[in-house]
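Residues in the sequence shown are numbered from 1 upward in steps of one, following my numbering.
Worth flagging that the hints you see were computed from the coordinates, not collected in a lab.
Check before you lean on any hint, since a few could be wrong.
As the list claims (entries may be wrong) - Listed next, with one range per pair, are the computed distances between beta-carbon atoms:
id, residue 1, residue 2, range
1, F339, E406, 35 to 45 Å
2, W77, R176, 49 to 59 Å
3, I188, I285, 34 to 44 Å
4, T34, V325, 35 to 45 Å
5, N152, P81, 49 to 59 Å
6, L130, P81, 24 to 34 Å
7, I285, D178, 54 to 64 Å
8, P81, I37, 38 to 48 Å
9, L13, L130, 35 to 45 Å
10, N177, G50, 33 to 43 Å
Cβ coordinates follow ideal geometry from the N, Cα and C atoms, glycine included.
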Amino acid sequence: MKRVAFGGIVFSLTLIAFSAVGVKYLNIVFDTSTRWIFLALLASVLLLRGQQFFLFTSRFGPVLGLYFLWCLLTALWSLVPLLSFMKATAFMIIAVSFVTAGQVWVQTWKGENTLGYLLPVVLMTLFAGLFAPGGGGVETEGLTIYRGLTGNPNYLGILVASSLPYALLLAYRSFRNDRPPWVKTVSISLIGALVTLLWMSGSRSATLCALVISLSFFLSLNQSKQVTSIIVAIALGAGALLVAPEIERGVYQRVVVKSTSGSDIFFSRRQTWDISAVAAEQGEIAGLGYGASAGATSFDWSLTSNRYGREKGNTVLAVMEETGVIGLAIYVAAILSIFTELFRGLRRCPDSEGRVELSLLIGFIAGLIVQSMFEAWWSSPGSVESALFWSALGVASGLAKRGAEESSLSFIERDRLVDVSADLVGRRIRTGSD
Numbered sequence: 001m002k003r004v005a006f007g008g009i010v011f012s013l014t015l016i017a018f019s020a021v022g023v024k025y026l027n028i029v030f031d032t033s034t035r036w037i038f039l040a041l042l043a044s045v046l047l048l049r050g051q052q053f054f055l056f057t058s059r060f061g062p063v064l065g066l067y068f069l070w071c072l073l074t075a076l077w078s079l080v081p082l083l084s085f086m087k088a089t090a091f092m093i094i095a096v097s098f099v100t101a102g103q104v105w106v107q108t109w110k111g112e113n114t115l116g117y118l119l120p121v122v123l124m125t126l127f128a129g130l131f132a133p134g135g136g137g138v139e140t141e142g143l144t145i146y147r148g149l150t151g152n153p154n155y156l157g158i159l160v161a162s163s164l165p166y167a168l169l170l171a172y173r174s175f176r177n178d179r180p181p182w183v184k185t186v187s188i189s190l191i192g193a194l195v196t197l198l199w200m201s202g203s204r205s206a207t208l209c210a211l212v213i214s215l216s217f218f219l220s221l222n223q224s225k226q227v228t229s230i231i232v233a234i235a236l237g238a239g240a241l242l243v244a245p246e247i248e249r250g251v252y253q254r255v256v257v258k259s260t261s262g263s264d265i266f267f268s269r270r271q272t273w274d275i276s277a278v279a280a281e282q283g284e285i286a287g288l289g290y291g292a293s294a295g296a297t298s299f300d301w302s303l304t305s306n307r308y309g310r311e312k313g314n315t316v317l318a319v320m321e322e323t324g325v326i327g328l329a330i331y332v333a334a335i336l337s338i339f340t341e342l343f344r345g346l347r348r349c350p351d352s353e354g355r356v357e358l359s360l361l362i363g364f365i366a367g368l369i370v371q372s373m374f375e376a377w378w379s380s381p382g383s384v385e386s387a388l389f390w391s392a393l394g395v396a397s398g399l400a401k402r403g404a405e406e407s408s409l410s411f412i413e414r415d416r417l418v419d420v421s422a423d424l425v426g427r428r429i430r431t432g433s434d
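Could you build all of it, start to finish, from the sequences and the hints given here?
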């Protein structure tokens, strides 16, 4: 039990180490260097327990393994071979370690503790969002957007979105299982705080991620709860617009165009995407090298590549630039194989709470992929989104596997019950005839 608890603690600490890099005060301990120490500790724990390569027992494991191999091979012809080799190696270790740790987490913590791996992230998000001295706001395009204790509003936004699955599950369980009123109050207050922080941050990419998570949660509910949710949402939305019509204009300016002047919703991203589109064409078939940027050929060795290259702003364009058409094809195949396995597991979940848990994580994974179309974190293995994505995939695949096993056991038990019933009926018939 001590070894199990230690493994769970290391998993949570490693996730925090990658997430807290951009949070003031916490990054005194969890900085761009110490996060690798925690990752090495996590990988060592899994290796010593013989669990380091659980990822490859999943259906999507071989496709991801092929993608890791291709990223590593691009170092042979990369513009910056050392950078590509280092980033591809880090990418493989991070993905394998977090996915495996997530799968082991599901095997270890059952029942209501499954999404508990996100609780430290929730607490960190509340700390970063609610305890910023001096207001924590920044002026941009005529709007004041909030960043809290993080480096920028988008960072705060993605932390908020990653906390949403835990908050929604807490609310779902508190009302479904008729928990005490204070538990229901805490769960609703947590969701309210997260939604407020997301609104204040004005992060469009994080808002899209949160919307995908919310939609996935909504679709996992039974029909009566869906109808209730729709009625409540319509009533709240209509009431807000009637009471304060300027809310509609405020939402458009703050979230959609992120400006008080102009109407181009992609104005802040268009220049970045244009440059990335040109660079993607240079990637051609094999790419310029994983992590490499077109035109940037100098790299000083360090544990972070923040000073190298440029912002790419879109994962698909970044994948084409770095790993070429071949890499993009493997990337698409990997994403499809991931969702194929997760949805197969969702269909086989034997209980409603298990389906809600898995649906929330599927929405989280899908939301991060949507968000990567604006932030391009896929080629930045040390980013907070990377750690959140791979850990969520590990827990989700563990839940899918556990649901399939429980469903198979239930099927076997039903078969045994039918056989026993048939045997009893046969005995009664024979007894009556005698």
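Hint check results:
1. F339 - E406: 35 to 45 Å: Given a distance of about 21 Å, which is not inside 35 to 45 Å, the answer is violated.
2. W77 - R176: 49 to 59 Å: With Cβ atoms ~55 Å apart, the hint holds.
3. I188 - I285: 34 to 44 Å: 53 Å, violated
4. T34 - V325: 35 to 45 Å: The hinted range 35 to 45 Å holds for T34 and V325, with Cβ atoms some 38 Å apart.
5. N152 - P81: 49 to 59 Å: 31 Å, violated
6. L130 - P81: 24 to 34 Å: Once the Cβ atoms are compared, 45 Å apart, the range 24 to 34 Å for P81 and L130 is violated.
7. I285 - D178: 54 to 64 Å: 59 Å, holds
8. P81 - I37: 38 to 48 Å: With Cβ atoms ~26 Å apart, the hint is violated.
9. L13 - L130: 35 to 45 Å: 22 Å Cβ-Cβ, so the 35 to 45 Å window is violated.
10. N177 - G50: 33 to 43 Å: At 37 Å between Cβs, range holds.
Violated hints for the displayed structure, listed by number in ascending order: 1, 3, 5, 6, 8, 9.
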